[in-house]
Amino acid sequence: MTLSYVLMQNLRRNPLRTALTGVAFALPMAIFVLAISTVVMLTKTAARIEQQLRLAVHHKAGITAFMPEGMRRKIEDLDPNRQRLLAVCAMRWFGGRIPDTPNPLMSLACDVDTFPTVYQDVPMTAAEVEQWQHERRAAVVGDGAANQYGWTPGSRVVLDSTIPPYQRLEFIVVKIIPNASPPNAFYLRRDYLLESLQARGLTGTGCNIFWVKCRSAAALRTLQKDIDALFANSPDETRSEDENAFIAGFIEALGDIPGLARVMATVVVFIIALVAGNTMMMSFRERIRELAVFKAIGFPSSRVFLIVLSESLLLALFGSLVGIALGVGFLLVPWHNPHSESISAPEVSWIAVLGSLAIGLTVGLVAGLWPAYQAVRLRTTDALRQVV
Amino acid sequence: MSAADIELVDVRKVYRKGRNAISALDGLSLHVASGSFVVIMGPSGSGKSTLLHLVGGLDAPTAGTVRVGDAQLEQMSERGLTAWRSRHVGFIFQMYYLVPVLTAAQNIELPLLLFHMTGKERRQRVRTALDVVGLSDRMDHRPSQLSGGEEQRVAIARAIVTDPDVILADEPTGDLDARTSEEILSLLSLLHAQYGKTIVMVTHDPRGAAHGQRVVHLDKGILDRDVQNEAHATTAAAPK
Ligand SMILES: Nc1ncnc2c1ncn2[C@@H]1O[C@H](COP(=O)(O)OP(=O)(O)OP(=O)(O)O)[C@@H](O)[C@H]1O
Ligand SMILES: [Mg+2]
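Order-wise, the sequence lines are chains A and B. Per our numbering, residue 1 is the first one in the first sequence, and the count goes up by one each step. Per our numbering, residue 1001 is the first one in the second sequence, and the count goes up by one each step.
Just so you know, not all the hints are guaranteed correct.
[As the list claims (entries may be wrong)] Computed footprint of chain A on chain B; a stretch qualifies when at least three of its residues, placed anywhere within it, have a C-beta under 8 Å from a C-beta of chain A:
#1 1054–1065
#2 1141–1154
[Unchecked claim] Take a look, some chain A residues computed to stay more than 10 Å from chain B by CB distance:
#3 M1
#4 T2
#5 G22
#6 P153
#7 S196
#8 F231
#9 A296
#10 I297
#11 I351
[As the list claims (entries may be wrong)] Derived Cβ-Cβ restraints for the label pairs, each shown as a range:
#12 B:T1128 to A:R262: 55 to 63 Å
#13 A:V376 to B:D1224: 55 to 63 Å
#14 A:L20 to B:M1076: 40 to 48 Å
#15 A:M281 to B:G1196: 18 to 26 Å
#16 B:G1080 to A:L20: 37 to 45 Å
#17 B:S1029 to A:D382: 24 to 32 Å
#18 A:M281 to B:M1076: 27 to 35 Å
#19 B:D1131 to A:L274: 48 to 56 Å
#20 B:D1010 to A:F270: 52 to 60 Å
#21 B:D1010 to A:E290: 28 to 36 Å
#22 B:Y1015 to A:V376: 18 to 26 Å
#23 B:Q1072 to A:L274: 41 to 49 Å
Keep in mind the hints are simulated off the structure, nothing from the lab. All figures in this text were calculated on a predicted structure; none of them were measured in a lab. Note that CB positions come from ideal geometry on N, CA and C, so glycine has one too.
Make the full structure from the sequences, and use the hints.
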């Protein structure tokens, strides 16, 4: 027999009370894990959408129709102080494929100056941006294609265009996009494409899409209207689209969720502390004489302190673990998620798990401290005198 | 097998409650020989429990000295007293105070958790103590499954498992019927006669007094009468 065995047995003294106190720990902890995990998920989604707050402006006739490249300037002039938009990147389909293979790449020629800003979700280092700007043949490629064809930064790549005039161009890979979407994305420089077309006596300034990087979901919505209004009744009527606008707006509308979660957590912790503290004090009072006998037998005050404190900690540990298991279990069930494309799947946040455990144990500690202190102060002789 | 003598010299114990001072012991001097069985009697509030608590180092005297064997208790720190108590004193109370969630054997083992001992050695000690109190067949029962007399025997086993020099019993039969009381008293007599323990027992029961070699009567915190129990003294002395 060890002292820890005695402690465990003590929890069985009043099984109903132990169970109820355990539940008092477990339920808030489960909710806590769920809430924090959701906050983390929303924060991640918000951050990702923030990076992607882009409008795709294309011709009303469809994505294959060309628009004059001067429209970029007109869009930029809608917001000269750059309060709503960050940058505009014009794009033209290249339609490249590996020579002698049928599979095309999702290849787009982009404006060299604004591409890194508009595509903040492609995390480029300063050195990579530098290479992109100084190497005319630079290409930023998706990891799917890179893995398939064995490309690494510095690789020389030759692509054939599937669009007239079907020219063959050579590129240098400067960056591989991790977790690229689509995996076979291939971004090249539009000025490079333009030069090669002009060398053949062609103009090729037409663009298929203007990507407009916006500062916020609200800015995105007004720009969407303004841009389409700007080109209404012109030969180049546009349609501006954004798939993330709805979700971004939703998250913005939710406001300060992390702050709210913190307030909630504080209240919850306070309530469990009261419940647990009360239980610990009750269980201590019931056992005053028994603890006095421990002291009479020769248990030092420090041991008696630990006995009372550990009981509270054990209860807190059990309750918290059960609660965390419930919360994690709930998160791991593969619930159907209609927004699975846009909102990150809810995942177990280790911050939430460790945080809950830490909070649970802290509450257990605080709840046990007072009775434990009372146990140390307990005068054995007085406790023994009060006959039941 | 070990025992110690007890010596109190001019012991006073005053409890202060606000302005009132209650004198529980008022200049008590007493010597208890090593290996003797002394019974303390006296009216309620006469200071009997206080005396036991002082001898057991649970409380410090307001004045005077308390010596148990080599230990001068009034000079020891609380921490020192606690450690000393775990080795030299066994307590028995009227209400037994067993841990309800532990079995008889586990309750008896409790004081041994304070000793550096192998599990095997501990179990051996517990088995011996159970044999002495005659409860070997109930070792796995919890207190709620035992009768009052059996609970008190477990408490006695818990008090002797550390092989203390002194056993202090505060009304050990106060909650038991006459027949069971007699069994418990016989058990204490056995501990004294066979194992040579120094036993100080507080009781209100005249039949309990018959088991002591000596009966000390307290009244209002002072020694009232100190009677040698002749019949007992001769029978106890006979085997030696
Ligand atoms: N902590 C305390 N504070 C104040 N007075 C106390 C305290 N402890 C004991 N007393 C008083 O000291 C006196 C002696 O108490 P003690 O418990 O030693 O008596 P007792 O002889 O054991 O009585 P009983 O036979 O009822 O157990 C009593 O008057 C009691 O009220
Ligand atoms: Mg008393």
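Status of each hint after checking the structure:
1. 1054–1065: holds (count 3)
2. 1141–1154: Violated - the segment 1141–1154 of chain B has 0 residues with a Cβ nearer than 8 Å to chain A, which falls short of three.
3. M1: At roughly 5 Å from the nearest Cβ of chain B, M1 of chain A sits no farther out than 10 Å, so the non-interface label is violated.
4. T2: 7 Å, violated
5. G22: The assertion about G22 of chain A holds, with a minimum of 17 Å to chain B.
6. P153: With a cut-off of 10 Å, P153 of chain A remains clear of chain B, as the shortest Cβ separation is near 65 Å.
7. S196: Correct as stated: the minimum Cβ-Cβ distance to chain B is 86 Å, above 10 Å.
8. F231: 81 Å, holds
9. A296: The claim breaks: A296 of chain A does not keep its Cβ more than 10 Å from every Cβ of chain B (closest is about 5 Å).
10. I297: At about 5 Å from chain B, I297 of chain A fails to clear the 10 Å cut-off, so the statement is violated.
11. I351: It holds; I351 of chain A is separated from chain B by about 38 Å at its closest Cβ, greater than 10 Å.
12. B:T1128 to A:R262: 55 to 63 Å: 60 Å, holds
13. A:V376 to B:D1224: 55 to 63 Å: Given about 38 Å between the Cβ atoms, the range is violated.
14. A:L20 to B:M1076: 40 to 48 Å: For M1076 of chain B against L20 of chain A, whose Cβ atoms are near 44 Å apart, the range 40 to 48 Å holds.
15. A:M281 to B:G1196: 18 to 26 Å: 45 Å, violated
16. B:G1080 to A:L20: 37 to 45 Å: Holds, since G1080 of chain B and L20 of chain A (Cβ atoms, about 42 Å apart) stay within the stated range.
17. B:S1029 to A:D382: 24 to 32 Å: Between S1029 of chain B and D382 of chain A, where Cβ atoms are some 26 Å apart, the hint holds.
18. A:M281 to B:M1076: 27 to 35 Å: 32 Å, holds
19. B:D1131 to A:L274: 48 to 56 Å: Roughly 49 Å apart at Cβ, these two residues keep to the hinted range, so it holds.
20. B:D1010 to A:F270: 52 to 60 Å: 56 Å, holds
21. B:D1010 to A:E290: 28 to 36 Å: 35 Å, holds
22. B:Y1015 to A:V376: 18 to 26 Å: Taking Cβ atoms as reference, Y1015 of chain B and V376 of chain A lie about 21 Å apart, which means the hint holds.
23. B:Q1072 to A:L274: 41 to 49 Å: 48 Å, holds
Of the numbered hints given earlier, the model fails hints 2, 3, 4, 9, 10, 13 and 15; all others are met.
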